[in-house]
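With the hints as extra help, turn the sequences into a complete structure.
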Amino acid sequence: MLQAAERKYDFLTHFEGKVATIRDSFMHLVTPHIPHNEPTATLTFFKTLEDTDVLQLVTHHPATTCPLDPIPSAVLQSKSGELLPYLSSIINTSLTCAHVPVVFKTARVTPLLKKPSLDPSDVRNYHPVSLLPFLSKTLERAVLTELWR
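Residues in the sequence shown are numbered consecutively from 15, following this note's numbering.
Since the hints were made in silico from the structure, they are not lab data.
Nothing here was measured: the structure is a model prediction, and the numbers come from that model.
Any given hint might turn out to be false.
[Claimed, not checked] As a list, the in silico DMTMM-like pairs of lysine to aspartate or glutamate whose alpha-carbon atoms are at most 20 Å apart:
| # | residue 1 | residue 2 |
| --- | --- | --- |
| 1 | LYS151 | GLU52 |
| 2 | LYS93 | ASP133 |
| 3 | LYS151 | ASP65 |
| 4 | LYS119 | GLU30 |
| 5 | LYS128 | ASP24 |
| 6 | LYS128 | GLU30 |
| 7 | LYS61 | GLU154 |
| 8 | LYS151 | ASP136 |
What follows is the structure, given as structure tokens:
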């Protein structure tokens with residue numbers, strides 16, 4: 015058990031160090047002056063989605079389950095007809111209130127070996143992969159759909 019805890023700590027310090035190094039590399043950059051132009055279009059609110067739109071967002075996406083999902087995404091998709099009023103309410107409330115629930119902003123970070131040929135005992139041979147809850151990704155696609163309209 016201690017070995018697993020030490021391994022988690024090694025990954026944590028390695029990934030935090032990578033983030034700090036990347037941030038530091040941007041500190042010396044000077045942002046050039048960009049002239050301010052008036053936008054040609056404005057977005058003052060997000061349109062709520064119809065149930066059919068929400069159903070399409072939920073069912074036409076790979077059923078990738080994150081450990082943070084309360085139920086597996088395949089089950090959510092298979093029961094989406096019965097759950098549709100609740101799913102639509104969650105998505106539309108987020109859009110109309112311009113608020114993303116905290117649970118949608120929480121990701122599970124998993125280290126993934128960069129190449130199978132690399133030494134798995136060296137944390138430098140891994141990169142972090144963020145796994146978001148299924149409904150978080152559904153909300154992202156809803157926002158993207160609205161932005162493209």
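Outcome of the hint check:
At most 20 Å may separate the alpha-carbon atoms for a hinted pair to count; LYS151 and GLU52 exceed this at roughly 31 Å. Simply put, LYS93 and ASP133 have alpha-carbon atoms about 42 Å apart, too far for the 20 Å limit, and the pair is violated. At roughly 17 Å between alpha-carbon atoms, LYS151 and ASP65 fall within 20 Å of each other, so this suggested pair holds. With a CA separation close to 19 Å, the supplied pair LYS119 and GLU30 stays within the 20 Å bound.
Pair hint LYS128 plus ASP24 holds up; C-alpha atoms about 17 Å apart against a cutoff of 20 Å. This hinted pair checks out: LYS128 and GLU30 have alpha carbons roughly 17 Å apart, not beyond 20 Å. Of the pairs offered as hints, the one joining LYS61 and GLU154 holds, with about 14 Å between alpha carbons and a cut-off of 20 Å not exceeded. Our distance criterion of 20 Å between C-alpha atoms is broken by LYS151 and ASP136, whose separation comes to about 31 Å.
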